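Participant: These are the residues of each chain, in order.
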Amino acid sequence: MQVQLFHTCLINDFAPEVGLAVVRVLERLGCQVEVPLAQTCCGQPAFNAGFQNVARVAARYTIDVLERTEGAIVIPSGSCADMLIHQFEALFTDDDAWRPRARAVAARCHEFSAFVSRHPGFASLAPRLEATVAYHPSCHLLRGLGIDDEPRAILATIQDVQVARMDQAEDCCGFGGLFSVKHGDISSRMLDRKIADVTATGAARLVSCDMGCLLNLGGRLRRIGSPVVAQHLAEILDESLT
Amino acid sequence: MSGSFALRVHKALADPHLGPRLGALSVQLRHRRAAAFASLPDHEALRDRARAAKLETLRDLPGHLERFEARLRDNGAHVHWADTAAAANQIVVDIATGNHATLVAKSKSMVSEETHLNTALERAGVTVVETDLGEYIVQLAGDTPSHIVAPIIHMSRAEVGRVMHERLQTPMTDDPATLGRYARERLRDVFLTADIGISGANFGVAETGTLCLVTNEGNGRMVTTLPRIHIVLMGVEKLIPTLADLDVFLKLLPRSATGQKLTAYSTLVNGPRRAGEACGPDQLHVILLDNGRSAIMASGSAEILGCIRCGACMNVCPVYTTIGGHAYGDTYPGPVGAVLTPGLRGLEAWADLPSASSLCGACRDVCPVRLDIPRMLLDLRHRSAPTQAPGWLRVAMRAFGLVVARPVAYRVVSRLARLALRAGARDGWIRRAPGPASAWTSSRDLRAPSARSFQSAWQQRRTARAQVKR
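First to last, the protein sequences are chains A and B. Just so we're aligned, residue 1 is where the first sequence starts under our numbering, counting upward by one. Just so we're aligned, residue 1 is where the second sequence starts under our numbering, counting upward by one.
Source of the hints: derived by calculation from the structure; they are not laboratory data. The structure displayed is predicted, hence computed values, not measured ones. We treat Cβ as the ideally placed atom computed from N, Cα and C, and that holds for glycine. Don't take each hint at face value.
[Claimed, not checked] Using C-beta positions, here's what the derived DEER-type ranges look like:
hint : chain 1 : residue 1 : chain 2 : residue 2 : range
1    : B       : E66       : A       : T93       : 15 to 23 Å
2    : B       : V408      : A       : T93       : 48 to 56 Å
3    : A       : G121      : B       : G435      : 42 to 50 Å
4    : B       : A14       : A       : G71       : 38 to 46 Å
[Unchecked claim] Which residues of chain A face chain B? A partial, calculated answer using Cβ under 10 Å:
hint : residue
5    : C139
6    : R205
7    : P227
8    : V229
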């Protein structure tokens with residue numbers, strides 16, 4: 001089964017090891033992974049900041065690149081997946097030429113945890129890792145795509161992983177893309193609250209499916225000298241399979 | 001973030017008690033709401049019906065208003081139309097002076113906050129007393145409400161005690177029951193002697209001309225029945241088509257607002273006192289206020305007029321529960337206010353509000369009418385950002401637009417940006433970033449970009465594998 005990896009700009013520039021973990025997991029499932037090298041960024045920063053014309057440039061380009069490929073498109077980020085699956089179409093509500101193209105690409109897109117947990121090969125994996133984990137359901141994954149059971153099911157499948165219950169788990173971590181810079185002080189307070197809830201779980205790892213949230217959470221954990229490690233779901237799953 | 005919004009946020013964040021208090025409110029109300037909804041088996045279908053009813057109203061607001069006005073007049077009410085806040089206040093002042101009224105008892109009404117009605121009445125020599133406990137404290141303190149359902153959520157019990165002690169000379173206490181009794185003792189006289197009762201309306205039923213008030217303290221019922229004149233001030237968007245719709249909203253509003261299955265009082269007003277009736281006002285006046293609502297109807301945010309003011313979006317909003325209601329700077333705070341205020345007051349002066357959201361979507365999920373607030377915030381950003389976003393952001397977006405569809409240029413620029421950021425890193429982390437990114441590093445480290453991109457790592461892996469195969 002051939003899959004296309006839309007690796008996201010954050011993984012490309014900040015966390016290549018997460019991208020490689022994604023590739024290894026997909027290969028363990030029997031996928032033949034392709035990376036369309038012409039991909040850039042889905043345009044979400046522009047879209048969320050209100051620069052819809054710029055976002056449309058990114059969307060048209062991304063659609064064009066992905067149209068030239070075949071098979072499922074896997075996206076290891078809830079917010080980028082939400083952008084491609086929902087917001088691209090919203091950008092072209094009044095554009096009869098691009099709307100169907102956006103829809104056709106969206107139909108091929110799968111967020112990483114959803115793709116993995118539904119893959120027929122998933123049941124035959126035997127992941128095992130001793131770790132205590134707190135799971136942060138990122139906003140666009142949870143509320144944008146309605147994906148929550150899937151990543152939790154993956155964590156539950158890993159033998160010897162203990163998932164701790166976290167209070168107010170569904171609260172935003174304060175990232176919000178440019179929000180974390182434009183409103184850095186509000187964002188910081190939101191982050192503090194989240195980190196307090198994370199710390200209270202006693203878990204050694206904080207797992208999420210969005211690199212943006214992980215940069216935010218990991219940056220604060222490091223600033224306060226916390227031993228908690230912020231990790232992408234793909235990383236812990238990859239680790240549990242080796 | 002610019003100007004006064006930044007200052008208000010700064011002030012809010014400097015208050016060490018505000019965040020924890022709002023956090024506690026949020027957790028408590030969220031649990032109560034969840035429990036109250038759990039007792040309603042078909043609640044998702046009810047939310048769909050509520051949304052449909054509100055959208056139906058908005059699709060033909062003039063038609064529904066015409067029907068509503070006709071029914072109100074049939075029921076014996078006087079109907080007034082006000083385009084602006086000033087016009088609405090003048091109508092109230094004219095009714096008061098025309099009837100030689102000197103004392104007004106008011107039940108809780110956000111729309112009267114919007115028009116600053118109390119100031120207008122006091123200027124005309126009429127004494128106004130707020131009779132909702134929270135609003136009464138707000139009035140005594142010379143403050144403004146910071147939550148549309150819980151107006152004094154920003155105050156502690158001790159602060160309430162101090163306000164009453166200073167303004168009413170009551171003995172200093174922070175016991176809620178005692179403070180409630182002090183207020184009740186004083187308000188009793190107001191109810192009995194007021195010439196006019198002023199209320200808002202939670203719903204106006206177009207089919208019957210019924211006005212519905214949803215309250216908990218009983219003051220609403222006093223205000224609408226004891227004084228000889230009852231004035232209802234309501235926004236034109238408060239209509240719902242039928243009494244059957246009201247049944248749906250009465251199930252959803254208390255659950256969403258306070259986590260109650262039903263409020264203590266659901267008051268239905270169908271006109272002034274009729275011949276042979278024991279109580280009720282001699283005159284019922286209904287003022288239908290526009291004050292910018294028609295402009296919102298014509299904008300991309302028309303859907304926000306379906307808001308039933310339950311406040312649930314505030315209770316779940318991570319921004320509201322961090323900065324509180326006063327930081328929003330106007331009558332309606334929180335997610336709904338971030339859409340409503342720019343619509344009512346003008347986007348240019350209020351563009352900070354839609355920008356101050358992480359777009360987490362919690363408001364959309366909790367809204368009983370399923371208002372897509374994040375979508376409306378995005379629309380407002382789209383309308384304001386190209387001219388009002390900070391200079392650095394506009395430059396960055398122009399540059400992004402130039403390279404995002406040119407993969408070679410994009411890669412060169414990303415590479416340069418990675419190199420530049422890495423220059424300031426130590427052990428793979430940046431402690432103090434330059435320019436706008438300093439807002440990030442004020443509270444958290446920034447992970448340094450990777451020396452090589454994922455694509456380069458991927459290509460290397462691929463080449464290595466191809467060689468092994470060969």
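Participant: Should the hint that V408/B and T93/A are 48 to 56 Å apart at their CB atoms be regarded as holding?
Facilitator: Given a distance of about 32 Å, which is not inside 48 to 56 Å, the answer is violated.
Participant: Once the shortest beta carbon distance from P227/A to chain B is found, is it less than 10 Å?
Facilitator: violated (15 Å)
Participant: Report holds or violated for the interface hint on R205/A, using the least CB-CB distance to chain B and a cut-off of 10 Å.
Facilitator: violated (16 Å)
Participant: A closest beta-carbon separation below 10 Å is what the hint needs, so does V229/A meet it against chain B?
Facilitator: violated (13 Å)
Participant: Range first: 15 to 23 Å. Now tell me if the beta carbons of E66/B and T93/A are that far apart.
Facilitator: 32 Å Cβ-Cβ, so the 15 to 23 Å window is violated.
Participant: How does the Cβ-Cβ distance of A14/B and G71/A compare with 38 to 46 Å: does it lie in that range?
Facilitator: violated (54 Å)
Participant: Starting from the range 42 to 50 Å, see whether the pair G121/A and G435/B falls in it by beta-carbon distance.
Facilitator: holds (46 Å)
Participant: Mind checking the CB of C139/A against every CB in chain B and telling me if the closest is under 10 Å?
Facilitator: Holds: closest Cβ of chain B sits about 4 Å from C139/A, inside 10 Å.
The earlier numbered hints that this structure contradicts are 1, 2, 4, 6, 7 and 8.
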